Amino acid sequence: MITFILRRLLMLVPVLVGLTVIMFAIARLLPGDPVGLAAGPNATAAERAALAAEFGLDRPVWEQYGTYVAGLVQGDFGTSLLTRRPVAADLAAYLPATLELVLAAMLLAVGLGIPLGLLTALWRNRWPDYLSQVLAIGAISMPRFFLGLLLQLCFAMWLNWLPLAGRLPIIVFPPDPITGFITIDAALTGQWDVLRTALLHLLMPALALSLSPLATIMRMMRSSTIEVMGQDYVMTARALGLPRHLILTRTIARNAVSATLTVIGLYFGWLLGGTVLVETVFDWPGLGLYATKAILSQDMMPVIGVALVIGLLFVFANLLIDLAYGLINPKVRYS
Amino acid sequence: MTDAVSVPPRPDRLARALFRFRQSRLSVIGAVMVAVVLLLAVFGPMIAPYPQDIAGAVSTAERFQPPSLAHPLGTNELGQDVLSLTLGGTRVSVLAGFGVVLIGAAIGTLVGAVAGYVGGWTDEALMRLTDLTLTIPGLILAMAIAAALGPGFQNMVLAISLSWWPGYARLVRGEVLAAREEVYVTAARALGAGPGRILFRHVLPNCVSPIIVKMSLDMGFAILTVAGLGFIGIGVRPPTPEWGTLLSTSRAYMPDYWWTAMGPGLAMFIAVFGFNLLGDGLRDSLDPKGRR
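Keeping their order, the protein sequence lines are chains A and B. Per the numbering used here, residue 1 is the first one in the first sequence, and the count goes up by one each step. Per the numbering used here, residue 1 is the first one in the second sequence, and the count goes up by one each step.
It is worth saying that the hints were derived from the structure and are not from the lab. Remember, it's a predicted structure, so these values are computed and weren't measured experimentally. Any given hint could turn out to be false.
Said to hold, decoys possible - Okay, the calculated beta carbon distance ranges per label pair: (1) V118(B) - L200(A): 55 to 61 Å; (2) A61(B) - L119(A): 52 to 58 Å; (3) L135(A) - V36(B): 20 to 26 Å; (4) V118(B) - L327(A): 54 to 60 Å; (5) L119(A) - L95(B): 39 to 45 Å; (6) A61(B) - L37(A): 35 to 41 Å; (7) D131(B) - P174(A): 34 to 40 Å; (8) Y130(A) - P195(B): 21 to 27 Å; (9) L188(A) - D131(B): 37 to 43 Å.
Stated by the list, open to error - Chain B side only, calculated, beta carbon under 8 Å to chain A, not exhaustive: (10) R128; (11) I140; (12) L171.
C-beta atoms are modelled at their ideal positions from N, C-alpha and C, and glycine is treated no differently.
If we strip away everything but chain A, and leave its shape as in the complex, we get (with noise of 0.2 Å):
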């Protein structure tokens, strides 16, 4: 097992050099004035010169990707054209906020889209089937920001039982960072209030986020579902006489949800990506808000920290995915 593990994080390696590569090429090949943008529209030829040659902007391209692959190696992923600041230190700031609003809606998602889609298999070809699968096309067609912008006007603004936006009202002291999520470290220091302030501020969010993988992970629970009831196996369970709870939660959904997991793993890569446009709504502070700052400036190490960031958590989540698709489904373990 171990030496699954370690190879596949091996191939993390070659991973992380090719975005590397596509994200500089991006950022040095493309027509595109980043100096420019962040001298400002006042500065004089020498002041633009000046700027790029102190962010090393003047040397050949592949000079300019040797620089930044040696600092990546020791954890310096560049520094922002525009504040100046690391974008490691960026990064570190702005991944907790955007982790936890994606396990939130991953966490909505599974939860309630396994159940429903199981449900959904039993009832199969009757009406609430039949309803379950426009409302999932529904779903998956409401655009996000539409969506949070709409539960805002509702919840927010007109009902006003939910708080507007951000991760917690600036009068709040955030709890000190132990794992960077607000929820859980308000939990572990017992700030009660800070707890239930900060989960109140990520439920619309994490909503909209949640609602096109809610309804994709209840679709294929239905079919796996559906799939798995026509297996022998079933039909030997059934024969024997096992009760109908069991023979459901014990070999219909272990079956199917394993089936479901690959799904899961590649949506959690999506939903990292995804947030881009809810943070927007939500001006919730995370990656997707952050790149979206960098990215309108032509700032790109940032974008690129972004990229390498996602792209690396989104190997891990398949890796775990893996791991847990051997512990639900032994005969496919570590192959």
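Position chain B against the provided structure of chain A, taking the given hints into account.
Positioned in the frame of chain A, the structure of chain B alone reads:
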């Protein structure tokens, strides 16, 4: 398969697909919705009640009028009719969506076909590139390319297309690998056909229906991505009406002038919903293997 044998004469494939498609009420609804959206994309600016607003006319006296008979969806901060702007935006979104899906599918098909047919090192290199591109979140990649290329309709479509091809490359490679082993390919080779002729005349035509199914399923997401870029502030510039940009502008005027968001938001939802229903139906009827 067995029932096809027992019912001679066998109806041809297209007719059967059409039959299966018509059996599903949802796909027919989707097809009708898509037809309406396409008609509006062509004729929208002509039937808009205030066509001058689409061109960018401003009438400050009419600012922020709530929905009424004269302005069914109200007016925005420039006094423009939201319904007219929404109708005008249909063309931009549909054209951009088509552009993205067509260019993405063309690049992906080419990459996948070459990888699958040539094999060896070419295959390895192209598929690693595909996997890598898939690792970068599509929206962030598209945003980065679009920002570097600068604003404008063509740049936006190109940027999204460049993040859109990997799915097609994987799909087509798989199909080509399977089709390559078919007897008719061996027959063509025995008759002396070159690799180009075999690939484009024999192999690819047999991979068309999964590609079309994927294109129709992708159309909705392409429209969503275009609107997403507009929402963030990359892409088409005003006064050209674009749903995402319109929605992003309206955010500043919530909750008092909520109607400014409804036109573009609902239009996006309806268009994408239609394309997704249609895509789902096409998948079930053209590609029963892919049925989930």
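Report the numbers of all earlier hints that the structure fails to satisfy, in ascending order. 4, 8 and 12
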